[in-house]
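Engineer: Residues per chain, in single letters:
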Amino acid sequence: MLLPKFDYHEPLSVDEACQIMSDLGEKAKPLAGGTDLIVNMKKKILSPEHLVALSRIEDLRKIELLNGSVRIGACVTAAELAESQEIKRGLGALGQGAGILGSPLIRNLATVAGNLVSARPAADLPPPLMAYGAEVVLKSRRGERTLPLETFFQGPGQTLLEIDEILTEIIIQRPPESAGAGYIKLGTRKALEISLVNVAAYVALDSSGTTIEAARVVLGAVAPTPLRSPSAEKLLIGEKVDPSLFEKAGQAAAKDSRPIDDFRGSAQYRRDMVAVLTRRALNMALEQARRA
Amino acid sequence: MKRFNIVGKDIPRADGRAKVTGTAIYTDDIKLPGMLYGRILRSPLAHARILHIDTKKAKALPGVKCVITGEDTPKIKYGNWRLFPNTQDEYPLAVDKVRFIGDEVAAVAAVDRDTAEEALDLIRIEYEELPAVFDTDAALKKGAPLIHEASPGNISLDRKISYGDIKKGFAESDYIREDVFTVHAVSHAYLEPCSTVAQCDLDGRITLWTSTQVPYIVQCLLASTLGMRENDIRVIKPYVGGGFGGKMEMRPWEFCAAFMAKKTGRPVKFTLTREEELATGRRRHPMKIYSKVGFKKDGTLVAKDLKIHLDGGAYNSMGPTATFLSGNFGAMLYRIPNYRYLGQHIYTNKPPAGAMRGFGAPQSLFAAETQMNMAAEELGIDPIDLRIKNAMVTGDKIPDVATISSCGFIESLKEVAKMSNWKRKRRTLRTGRGIGVGCYSFISGGVFNWFNTQYPFSAAEVRAFADGTVHLLTMASDIGQGSDTTLKQILAEELGLKMEDIRITAADTAMTPQADLGSWGSRVTLMAGNATLEAAKKIKEVLFGAISARYNLNVIYDMECKDGRIYAKGRPDRGMSFGEAVALVQKANRGKPLVARGHYTPRGKGLVTPAFSFGAQVAEVEVDRETGLVEVKKMWTAHDCGTVINPTGVEGQLEGSIHMGLGYALSEELVTKEGKTLNTTFLDYKIPSALDMPPGESICIETYEPEGPMGAKEAGEGLVSPTAPAIAEAVCHATGYRCKDLPITPEKILKGLRKK
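Protein chains in written order, with the working numbering: chain A, 1 to 292; chain B, 1 to 756.
Among the clues, some could well be false.
Said to hold, decoys possible - Derived EDC-like pairs: lysine to aspartate or glutamate, alpha-carbon spacing no greater than 20 Å straight-line:
(1) LYS240/A <-> GLU117/B
(2) LYS44/A <-> GLU118/B
(3) LYS676/B <-> GLU16/A
(4) LYS43/A <-> ASP174/B
(5) LYS751/B <-> ASP261/A
(6) LYS42/A <-> ASP174/B
(7) LYS297/B <-> GLU117/B
(8) LYS43/A <-> GLU118/B
(9) LYS5/A <-> GLU277/B
(10) LYS62/A <-> GLU26/A
(11) LYS62/A <-> GLU277/B
(12) LYS240/A <-> ASP174/B
No wet-lab data here; the hints were simulated from the structure.
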């Protein structure tokens with residue numbers, strides 16, 4: 001497992017990083033935690049000639065509250081996310097996802113942006129982020145654009161990120177008090193696990209606390225990208241909360257999923273688990289929404 | 001029972017501090033001046049003829065010092081079963097043919113690892129691909145591709161055991177059941193990947209530092225494959241990070257390192273990657289187990305007919321021993337008057353299976369114990385009661401096979417039932433929760449001399465000094481199990497010394513007495529322990545004689561070695577310190593050092609082992625009936641390992657066994673597709689994490705094993721067997737799903753529940 005030779009850049013600002021990316025084009029890759037990139041370089045799946053390390057750019061390491069939104073810098077680690085009070089308050093499902101990603105060693109290095117741009121179908125952060133309606137900010141010399149995260153993923157390892165762009169932050173609108181979300185990851189181990197299936201669910205209740213005003217159900221590891229389940233969401237929105245509703249939503253989500261057979265598990269099992277996990281995640285979300 | 005001073009105490013491990021502080025030197029830590037780094041080129045095909053190998057480009061790469069293929073080597077086959085040369089089926093580097101994906105074809109030594117790796121890509125090999133077989137059924141089919149020309153039908157060997165009258169036994173049975181079980185391949189997953197460093201001196205002698213369980217076997221087989229004399233090779237075992245059976249043979253990188261060190265005159269190191277270990281390494285035998293048992297209505301076992309197909313992969317490795325032991329453990333726990341076993345070791349085009357903790361017992365006992373649980377259910381007898389009814393007891397004999405000289409099995413069963421609140425829980429646990437039992441018996445070393453050594457199975461030398469210290473020299477190999485500590489305890493106990501009075505030099509074939517067959521089959525405590533004890537006793541006798549003469553003692557006096565002093569029993573004033581006594585003996589002998597040798601070779605103990613351990617384990621699980629996930633809530637274990645030498649050591653072995661058994665039952669599996677191992681990282685090869693480990697309670701049933709040192713027998717290996725059948729039974733108790741094919745995956749559970 002030989003690491004190919006490469007040049008190493010250490011810009012101190014986003015602008016400088018963008019300049020380097022613009023100059024080097026496809027020869028360069030941004031490096032954050034490296035838990036995915038370096039491994040893939042050793043396996044010779046990727047062999048960039050230049051790595052542009054983002055670790056010394058202070059702006060990318062912050063979690064900030066601004067006008068009702070939470071802005072998470074690209075280089076915030078999974079461990080920091082899992083511990084952050086800002087995240088725990090109102091964005092608990094994201095904290096859960098971050099807290100169960102990989103192992104403690106990996107969480108100390110792996111970053112939120114890395115977990116998105118690597119675009120693995122089973123990644124832990126996309127489902128809770130999508131459930132909260134997160135957006136991503138992409139910057140380059142050419143300018144800046146903001147995209148809904150759910151449109152960002154194109155396939156395994158593929159995103160809308162252009163060659164010269166850097167994902168600099170994630171923006172989440174703080175959910176209302178009457179909302180809640182849950183994230184569940186299914187694997188055979190309690191730690192150091194890759195999801196067989198994961199599901200994040202978000203519900204917001206109306207002022208009476210009985211009717212679902214908004215809902216998002218996001219499925220992971222059951223399609224080439226993390227997937228929203230339109231059928232489940234449609235079924236939920238505007239309905240009164242009752243146990244059979246979540247059961248039906250689970251069934252609908254299972255129908256929306258497009259899992260494959262592999263040595264980790266069969267498509268049939270994964271589809272069945274989407275139904276179970278969706279129901280359970282919705283219950284978690286509901287419980288949280290009601291607690292508020 | 002005898003009172004001990006040091007034996008039976010929680011003595012901290014001899015190697016603990018060095019390992020915890022990172023100062024322990026493992027093989028890969030060794031760096032010698034001018035050392036080259038080796039890498040191995042492996043076959044990408046499961047079965048192929050080698051037509052042509054071109055190493056020109058690799059040799060031309062700057063930094064590459066040596067490239068070898070099978071053609072450069074003496075082409076001498078090897079294998080551990082050298083008593084039967086026809087079982088020796090492996091070349092250090094492939095000659096003519098490759099037989100599995102990962103088969104070693106060529107080796108490179110270069111100035112650094114990266115260059116060696118780069119050179120591998122430059123070796124061109126032309127193969128003619130051959131049809132391949134990937135499971136035992138396919139390998140046994142008429143007209144199946146032949147993997148070794150010398151083994152028609154792909155059966156490399158078979159083993160038979162038979163006693164009683166099997167026909168009559170089944171005729172007399174009221175209840176007969178037949179089942180087929182399958183078990184899967186798992187990895188040893190030792191934390192330290194295989195590593196070796198070879199150095200050749202100007203006289204052509206080799207020194208090899210290597211991560212091994214068997215320095216003596218490596219020394220001998222390295223000599224035979226290199227065409228050298230055994231004593232021109234010195235094998236040293238540094239600290240080893242686990243073996244579990246995976247390091248009990250000479251391996252190709254050991255040969256290549258020595259061969260290339262000789263060729264280049266420079267030291268050569270090989271260290272395998274984790275991917276290599278998981279993709280191509282030895283593994284536990286997958287098996288297909290056909291088992292038929294007959295009982296009387298009252299639960300008395302009458303007959304058992306067992307047939308096992310072992311999926312050996314491409315070479316024999318330690319398969320012959322596993323083939324025999326699987327059959328032995330099919331009938332070790334219970335009195336079965338009529339028994340027949342046929343084990344067939346079958347070649348397939350997969351990485352070879354070898355020895356792995358339990359050595360055939362985990363597979364065989366999963367089947368035997370599951371079948372016992374199924375029989376209990378149908379006979380309407382409590383599973384623990386059914387076992388007690390049929391359990392082996394001290395003094396039981398299997399004619400010409402085994403003598404049980406100590407056995408705490410029934411006590412273990414009773415104790416584990418009490419600890420776990422078995423009877424109540426079997427009746428009252430809520431749906432989704434379940435409790436199950438599994439049992440084991442295991443060997444304390446093997447008695448059969450397949451290695452054909454002319455030396456004792458174990459040897460020890462004790463040197464005593466006038467400063468009150470002693471030096472223990474033994475070839476026994478501590479691979480992390482703690483045997484150095486155990487042997488020091490035995491010696492300190494016998495000589496009445498403290499642990500810090502003892503220096504140990506172990507596992508160096510040029511410095512320690514010939515021989516020791518290594519750390520496997522749970523043999524070290526009993527065999528090396530006995531050898532150490534014998535040497536200590538000889539030292540003691542000499543010292544007693546000297547004191548007796550010095551104080552003009554009446555010959556009827558008993559003597560004692562205790563707290564660093566040697567004296568007449570009951571008359572502590574008539575004696576002196578250990579060191580003074582040694583000085584006295586040396587003076588009397590005009591300077592001759594006080595040295596004694598001890599050795600042990602089992603004799604007259606049947607075909608299997610000098611002593612058997614026994615035990616019973618109960619698992620409680622909770623099953624999520626929607627996802628099929630199993631959570632093991634608690635494990636209770638009661639086991640008989642004879643005299644406990646080091647309680648913490650035994651506890652560590654028990655916890656490690658449960659951890660390994662848990663993985664075997666629920667999550668670990670080397671998945672292969674057409675001979676290619678698919679999960680080659682610890683992300684996808686799922687060893688249970690610390691969070692998955694259940695809490696446990698355990699108790700040692702103390703017996704006194706007459707054949708063991710101070711009454712001790714094995715504690716490290718047998719315990720890995722009961723966990724899978726106990727968990728499988730608990731899952732069945734919780735859900736009604738009966739697993740007959742390991743591992744117990746969530747999908748299998750859900751499918752099983754749907755069928756109901």
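Engineer: Checking each numbered hint in turn, tell me which of them this model violates, lowest number first.
Structural biologist: Per hint list: 1, 3, 4, 6, 7, 9, 10, 11 and 12 violated.
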